[in-house]
Amino acid sequence: MNPVNYLYLAALLFTIGATGVLIRRNAIVIFMCIELMLNACNLALVAFSRMHGNLDGQIIAFFTMVVAAAEVVVGLAIIVSLFRSRHSASVDDASLMKL
Amino acid sequence: MSFPLLTATAVLPAVGAIATAAVPAARRTAAKWLALAVSLGTLALAVTILVRFDPGGARYQLTESHSWIAAFGVRYELGVDGIAVALIGLTALLVPFVMLAGWHDADQLETGSRRWRPTQGFFALILALEAMVIISFEATDVFLFYIFFEAMLIPLYFLIGGFGDRAHEHGEKAASTQRSYAAVKFLLYNLAGGLIMLAAVIGLYVVAGSFSLTEIAQARANGSLHMATDVERWLFLGFFFAFAVKAPLWPLHTWLPNAMQESTAPVAVLITAVVDKVGTFAMLRFCLQLFPEASKWATPVILVLALISIIYGALLAVGQRDIKRLIAYASISHFGFIIMGIFAMTSQGQSGATLYMVNHGLSTAVLMLIAGFLISRRGSRLIADYGGVQKVAPVLAGTFLIGSLATLSLPGLAPFVSEFLVLVGTFTRYPAIGIAATFGIVLAALYSLVLYQRTMTGPVKKEVSAMPDLRVRELVVVAPLVVLLIFLGVYPKPVADIVNPAVKQTLSDVHKTDPKPEVEAAK
Amino acid sequence: MTAQLAAYSTSTGEAFQFWVLGTVAVIGALCTVFMRRAVHSALCLAATMIVLAVFYLANGAYFLGVVQIVVYTGAIMMLFLFVVMLVGVTAADSLKETIKGQRWLALLCGLGFGILLFAGIAHASLKDFHGIGRANANGNVEGLASLIFTRYVFAFELTGALLITATVGAMVLTHRQRTERARTQRELSEQRVREGTHVPPLPAPGVYARHNAVDIAGLLPDGTPSELTVSKTLRERGQIRDVSTEALNDLRALEQRAEERLERTEIEPATFKRSEEASK
Amino acid sequence: MENLIALLIAAPLLGAAVLLVGGRRLDAVGHWIGTLLAAVSFGIGLVLFADLLGRSADQRTLTQHLFSWIPVAGFQADVTFRLDQLSMTFVLLITGVGSLIHLYSVGYMEHDERRRRFFGYLNLFLAAMLLLVLADNYLLLYFGWEGVGLASYLLIGFWQHKPGAATAAKKAFLVNRVGDMGLAIAIMLMFATFGTFAFGPVFSHAGDTSEGRLTAIALMLLLAACGKSAQVPLQSWLGDAMEGPTPVSALIHAATMVTAGVYLIVRSAAVFNGAPSAQLVVTVVGAVTLLFGAIVGCAKDDIKKALAGSTMSQIGYMVLAAGLGPIGYVFAIMHLVTHGFFKAGLFLGAGSVMHGMNDEVDMRKYGGLRKYMPVTFITFGLGYLAIIGFPGLSGFFSKDKIIEAAFAKGGTEGWILGGAALLGAAITAFYMTRVMLLTFFGEERWRNRPTASPAEPDVEPAAEDRGTRAEPHPHESPRVMTIPMIVLAVGSVLGGAFFSIGDRFLHWLEPVTGHSEGNSPLSALTVTAATMVCLAIGVAIAWAQYGRKPVPVVAPRGSLLTRAARRDLLQDDFNHVVLVRGGEHLTRSLVYLDHTLIDGVVNGTAASVGGLSGRMRRLQNGFARSYAVSMFGGAALLVAATLLMRAV
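Protein chains in written order, with my numbering: chain C, 1 to 99; chain S, 1 to 523; chain L, 1 to 280; chain R, 1 to 648.
This is chain C alone, in the form it adopts within the complex (with noise of 0.2 Å):
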């Protein structure tokens, strides 16, 4: 089998987390779809260093992890204080931007 597969699983998974984002609401389901959106880059990445045959790929891998972990944190964080002010975790109760 061509390792190639990974990777359209990876778009598959990233494509689907996009569209998570953007239909769902609630803020914790959006984050689950961001973190998905990671870890599909984290598949290509992982691949792709499988194909050239060295690690960066791995390393960079790693990298997003770390960044991703330290943004649930605070995301969720954010929801938490979020939900503690509007009782409710939907993100288009937060439609403050509007002018």
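Treat each hint with caution, since some may be false.
[Unchecked claim] Chain C is faced by these chain L residues, among others (derived, beta-carbon under 7 Å):
(1) G22
(2) T23
(3) A38
(4) V141
[To be verified] Short derived list, chain R residues pointing at chain L, Cβ under 7 Å:
(5) S626
(6) G633
(7) V639
(8) A640
(9) L643
[Claimed, not checked] Below, computed lysine-lysine pairings styled on DSS-like, alpha-carbon distance capped at 30 Å:
(10) R:K162 to S:K462
(11) S:K296 to S:K516
(12) R:K549 to R:K371
(13) S:K391 to R:K162
(14) S:K461 to R:K162
(15) S:K512 to S:K296
(16) S:K391 to S:K462
Calculated from the structure, these hints are not laboratory results.
For clarity, every value in this text was computed on a predicted model and none was experimentally measured.
Glycine is no exception: its CB is placed at the ideal position from the N, C-alpha and C atoms.
Given the coordinates of chain C, work out where chains S, L and R should sit on it, guided by the hints.
Then chains S, L and R, alone, in the frame of chain C:
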């Protein structure tokens, strides 16, 4: 390196502006006197320039040149030719009178609070404006000129919008809305022109690789710098558009009536007598020198537009109900004459145009300032609200009449000389347009005399019956200007001598010579 | 299959594995997106991640594989679950779209993006690939370590800083500063009296309800449930169970059975409005 | 000697400056200063005249160069004065008659608190007129030309509190401005043709250019002349100009303003001689105006307006003569001078009458005044005889000569023009007799007159402002007013004879204007006889109509022609409808267009930009997810772009 006279002339009012603005609120009167003193000092410097300037000498004199923004080859280059000298003189001369005339204009805004200092602001803004105008007359570096050409808008915007005329038929509220409308309109018009000009300036730099007027003009003259025809035309249009907005040329004129109507008389004088002159001056100095071929290419259209301005402005002046608006449209008509004279490309036309800039400054100043005194007495700008003033305030009426006569360019008053020169200069090359423009003098008589008749003559209206005649301060403002009007009307030689050489050089830039008369009778 | 093998070639086994687990991963992802309850999404996501971990291993990224399981499925997903608990496990948000055209736009973009990616990958002719074997020659972890602490050391340190910042940030965000003094019981009661609301203590749950779970509203004399009896948090989460009809239905069932026993069939079973509503 | 020329102008100019700037402290003596300076100017004139007489005919041109006025490359306008026989004649007329009118005004304006200002304006008038006739180039002449217009504006509108006066003044200035436009264009044409507009070169090179150009110049000059001299079609201002004080009318009609046009034509003889077609137009204009003015004069009941009509027609005679070319130039000027005398006398007389009649101007309310104001009666009568051309008096000589010259033009034109002139003479006799009879003979209609003032359109509104309409007590005017009248009467009696006996005037002017005897189909005697006949007829008709039967105080409705004539032959109405109304509509519509169209475009753009941004703003619905969609879409587009880049 001699004393930088030109820089000093521009810097003095600038510094004065800062100093005036810094005067504490309580010392209002001190601020006024300080500003007046500074403007008089500037006048003294301008006179020095006038004296030091040698009409027979080099084209640009008292030049200064320092590197400024080396990256773009922008230099701080100053220099004056005859035309600039005359206009600097006019500016420096008018500002003190304007200040005296507007001595109490800002008082009505005083609230007595410590932080709010309208008086200081008013006079500081006037001085700042003066500085910018003067330096834009002096600049021989296109970019330097552009900067101050644009910066001028800032003080003027505040002078119009902030210190505008309180007199309005529909009361204070309407006045303020009208005022802000006028200010914004003024700003938008001129900014639009300025932005287009900026594009042209950059384009010029791309083409010529320099901002220095003298260098480019020289290169154009000796053919070392060749511009493609269409490039030159586009650049010319870019410059001309900005100048045509500033010196309102039909159909870009509609900002002027609003601006002059809503601002107090002194500010209106600054607008039409000083700032707008930068536009016509720039046509003469930049358009013709930098783009001679394109100028010649555009001449017919511009002349027609100028002609339209003349007739159209005069006709609209006849139809106005508002004194200041009437004067504004009259000015539009006069600017038509100036532009026509510039683009007639004859020595009579251009000398006439330059003299016209000066004379129109004086005549409008007289007329507008007296109109301002009148309005301040009655509190209304509507012509219909006046009548029979001549009976109660003969001196005011008399000077006003002289102003009107100057506006209709009666021989013996300064504007006649310039107007006739423009007409003759135009006629010798474009007879039809010259004749058509002559109708302007009839219309001018019409609106001037209608204005005088409706306001000054007839039975005395009840509201004006108690109107006091000109006070000493006002007389001090008006009398010298009137004297100057008459003197320059009878003996314009001094100014003409300064202007003529510069005009000759400008004509040689565009490779034009006066058409020969059919019969050489002069010899 | 051994790691060595997986390192540089793709065996049929791996192919089999890919197709099976790939399907699982995709399904998991889809479920993550389309499950109505956050908890279910979280679980599906966890499944997908585990599958990905396996794929990492299959691609010779052992370290990452482990980290994926430990950090992601171990730590992050747990974090998610905690938050979900906080917000309410059973809280199900409708998938009904509120912003006009949002969904279609989203699907369109997603589809187009996907197609683009596929096209891109297809277009990029990636025929030859040298396996990871040489890179992993002396251990995958060692290889990574040597890279991390040599070439990528600076980025590594930065990530450390990033984590610290993130932690602090999370604490700052979640820690609520009391802006006003907490009001004493006395003040609260005084306020109640002033406003004239619930001067007596709030009613306890389960009263008249034949049921005493906290999430069950007590019934008012007319049989309607009273929200007041349920604690505020549950109310906000919308987690109040309405059992007001259950009891009546039980009663009905009982009576019916009694009727059957007594062979009285002509009696129409009385229909209860509320039960009908409940059945809706 | 030359240096005195400037003083001619300087004296009255100084007077004007002093009186106008001096302020109230001069009120007491102002009028005497003005009169004195006018007299001084006259004195200088006499000195120069004597000097000229002392020279031989070809030495009689003095020039004085003061300074260079407008020096621009190729355009040299200098302030240079030229005193030759022609300008000398005018100088004497202007300063002489002018001084007399000054003197008269001292009495006439006695009760006006703004008398000082009045004299300032009078002096300004003299100065401007002198500048006009002394200028050595057309631009300087233009200076004086417009100066005259200004002075007339100030004087006609002297009683500014009367709307009528202000309007009349404005009208006069505007109509003159139209003429001035002609002069300006003429100057431009000259500059384009000759490269200069100084008299000398222009006249000497007039022959070098095409006739077409000369015709154009000449016609433009004619337009200018029409404006100043109130010739058809620009005559409308003259009648209204009567709003001014009577001395002003005298000054305008006799000495200064209206004569300027004739001067211009005669002065530009060289140009006109080169353009026969233009000359024809001049003669036609003259003839038409001659009849026009005469007819109008017949219908007016306002004594001043009647005289104004006569002025119009007399000037018509002069223009006609000037149009005849060398045949007529001299006689045009001669008639101008004699006319200056008797018309001034007539106006001063009229003023004196009004003075005695509480400023009543309606002749129908006069009558039988001869025994109340004998001096006025006699002087006025002499003027009357002079103007109708009674044998022996000045009018007889000058007018007769013009009629002869008209016939001498030869051909049908000659007959037509001559006929017109004769007819004019008859009508003149008629309306002047009418004036005479209505004013000084008949029963005293001013006694116990009906109270309400009749409301004919042409009744002079001047009466309302000064004095009341109480029953007047006619009385002779003070000495200071009668003396000038007497002097002028003497002049109008003797002037003609003095000039014509031995063709003194002809020889005096010939070097400047040139002269040629035409070949008249009729002998001088026949013409004179014909003139006498016409005269007699005119007088007879007038006597029959006004002498024999009593004159109604309220004017009868009159025939259609009469009514038209009362309204200046409807020429004003035409102006009003066509020019004034049309102009108003034009300006109003332009103001509207300026606001809606030009401003509208600008504001429209602004509004549309605002609306667009308002619509764009809706895109910012504030939902993070829709922003996310756009971001995602953008990302997709970027990917697509990169891929495409890679592909190609």
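Okay, the hints, checked on the actual structure:
no. : hint             : result
1   : G22              : 5 Å, holds
2   : T23              : 10 Å, violated
3   : A38              : 5 Å, holds
4   : V141             : 10 Å, violated
5   : S626             : 6 Å, holds
6   : G633             : 5 Å, holds
7   : V639             : 5 Å, holds
8   : A640             : 6 Å, holds
9   : L643             : 5 Å, holds
10  : R:K162 to S:K462 : 16 Å, holds
11  : S:K296 to S:K516 : 19 Å, holds
12  : R:K549 to R:K371 : 20 Å, holds
13  : S:K391 to R:K162 : 11 Å, holds
14  : S:K461 to R:K162 : 13 Å, holds
15  : S:K512 to S:K296 : 9 Å, holds
16  : S:K391 to S:K462 : 12 Å, holds
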